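Chemist: Sequence:
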Amino acid sequence: MEPRTVDAYFGKLLLFTYLAVLTSLIRHADATNSIGSNEYLSDKMFRSVWSGYQSAIRPLCGAYPSTTTVTMEIALRQLQELDEPKQILALNVWLRVTWSDCRLVWNTSEWDVSRLVVPFDSVWTPDLTLYDNAESGLTGVQSYRVSVKADGSVRQQVPVVTKSLCQLDVSRFPFDTQTCNLTFGSWAYHGYEINLTAGPNPVDLSAFVKHGEWEIFSMTAQRIQPFFDDLPYPQVIFTLTLQRRHLFYILSLLFPCALIQFMAGLAFLLPCETNEKVGLEITVLLSLAVMQLVILDMIPASSETLPLIGVYFMLAMIVVSLSCLMTVIVLTIHFPDRHRPLPRCARAVLASKVASWMGVDLHAVQLAGKLQGGANAVGIANPDVTVHTRCHHHNAPAKDSGNRTCSSDMELSSGCNLHDNINTVNGPHHTSAAVAGHGLDVSSDSDVSYYYSIEGDRSKRVCYRPLSSESTRLAQLMQHGQVELHEVMTVCRQILHVMKDASTRGDRHDSVSDKMARKEWELMALFMDRVFLVVFCLLTLTMFIYVYASIA
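Residue numbers -31 to -1, 1 to 521, in mature numbering (1 follows the signal peptide of the UniProt record, and there is no 0), belong to the letters of the sequence shown in order.
Because the hints were derived from the structure by calculation, they are not lab data.
Just so it is clear, the structure is predicted and the values come from calculations on it, not from any experiment.
Among the hints, erroneous ones may be present.
[Said to hold, decoys possible] Below, a list of computed lysine-lysine pairs in the DSS-like style, where the Cα atoms sit at most 30 Å apart:
hint: 1; residue 1: K132; residue 2: K322
hint: 2; residue 1: K488; residue 2: K322
hint: 3; residue 1: K13; residue 2: K118
hint: 4; residue 1: K118; residue 2: K179
hint: 5; residue 1: K55; residue 2: K179
hint: 6; residue 1: K469; residue 2: K488
hint: 7; residue 1: K132; residue 2: K55
hint: 8; residue 1: K484; residue 2: K469
[Stated by the list, open to error] Label-pair restraints from in silico Cβ distances:
hint: 9; residue 1: E273; residue 2: Q49; range: 24 to 30 Å
hint: 10; residue 1: K55; residue 2: W326; range: 54 to 60 Å
hint: 11; residue 1: L29; residue 2: P201; range: 17 to 23 Å
hint: 12; residue 1: C30; residue 2: D266; range: 23 to 29 Å
hint: 13; residue 1: S272; residue 2: Q49; range: 25 to 31 Å
Yeah, the Cβ is synthetic: ideal placement off N, Cα and C, and Gly gets one too.
Assemble the whole structure, with the sequences as input and the hints as a guide.
Modeler: Written out as structure tokens, the structure reads:
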């Protein structure tokens, strides 16, 4: 490329850049002049239009009486809170109010201004009031500006937090659906002065932020016109329908309550010997009472309607109280005051098929008791007899009295040896005739005679030689009386022994009977435990069916 050509190319490029920058500067200057001109014109137009304007006077356009039409719309932004105990609904909404003021009309071709934003107190605004307001009016409305168009239409759009009263119906809590109304109307002007209506799109939910507990089911607008003192007062009612999200309450209230009530049924499966049946029932009852107090803090105190969850807890407490009463009855049957026999009707129940279905078998217990009683009877009727024999030989010189004593001691025992004190008496010599005359067994062996003397539980064989001396007769008579005394004492001891045996047999028989009676009462208590468990399950199932039917 030639140098002359390069210089021409760069010259054209610089010229083009210069023209572009110059054009941009000119456009920016025109825009600045336009804005300044608009602001100047707006200020001039405001002075012209607002000269003599009275913001405290309602616009009167047309023939008298003139009515100002006010249109109202709401954009719901957020549901802040629904205080159920206080029954107050807090909403974050955007109010959109539109009306026409014929005094604020100008020619756009003259002023080149189509819209003007002015302070709130520079124009007349309708005194809209939330009738069911829980606080001091719509606070913060005066802080926002108002938009005015050239045709005289005025638009007021302000974000406010409304706190209104809401009559709650907690009869189906926590599966409830609540309906709250927001009623707006003029407080000072009647219907012949202000005609309040809902806009073409009265409700806007496009910017709504979802709530964790409540779901917006629907929101509608309705215009009503009640009369007070023969004058109409139009109102716009925004009806908000809220549906509760019940998953939280199912997991935190209903499921723990059902689990606690199920624990109450386990008391019927505990053995009576644990002494924890009534304690478990009372613990469950106290747990339900504590949970009911928690629920009372979440719902409004009202005597008009009874909440469903309150009914559920009330029925649960009634069922647990009845189960506690049933447990006391079972313990009374299991631990009777005295071992009286089981009534016939109760035995008939235990012997029926219903008892077998419950796992209670009376026949097996009776058979075991009979076998045990028979074994004890055999041990009493056939006691073991142990015989111990002792023989004592006393060797003495022939010139002495020559007494020789042999004793055969016999001990009776019934299952164990009975050791009594044994006293050996060596009395004087007896003649065989004297001894035999008293029924004693007398035998003679050469010059030695024998007789048997019984002392206590032992028989004693005494051998002697008769004496011829007359001086011993008195001693023989005394010995004879002593023998008779021993016989009487022996008979008394035998009678006492027989009575003791009979008493032992009776005690053992009574012990077996008491055990049988106690076992039957325990079986009856077990049967009642099973029956009450079935009754408890039926009551619980009926309660759940009732609650579910109320929900559906």
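Chemist: The structure should be examined with respect to each hint, and the outcome stated for every one.
Modeler: Going through the hints against the structure:
1. K132 to K322: 67 Å, violated
2. K488 to K322: Judged against 30 Å, a Cα distance of about 19 Å means the pair holds.
3. K13 to K118: Roughly 16 Å separates the two Cα atoms, so the pair holds.
4. K118 to K179: The given pair, whose Cα atoms are some 35 Å apart, is violated under the 30 Å limit.
5. K55 to K179: Answer holds: K55 to K179 is near 23 Å, not above 30 Å.
6. K469 to K488: With Cα atoms ~28 Å apart, K469 and K488 stay inside 30 Å; holds.
7. K132 to K55: OK: K132 and K55 at ~11 Å, within 30 Å.
8. K484 to K469: Holds, at about 22 Å.
9. E273 to Q49: 24 to 30 Å: Distance hint for E273, Q49 holds at roughly 26 Å.
10. K55 to W326: 54 to 60 Å: Cβ of K55 to Cβ of W326: about 55 Å, so the range 54 to 60 Å holds.
11. L29 to P201: 17 to 23 Å: 19 Å, holds
12. C30 to D266: 23 to 29 Å: Because 56 Å falls outside the window, the suggested range is violated.
13. S272 to Q49: 25 to 31 Å: Because 29 Å falls inside the window, the suggested range holds.
Hint compliance for this structure: hints 1, 4 and 12 are not met, and every other hint is.
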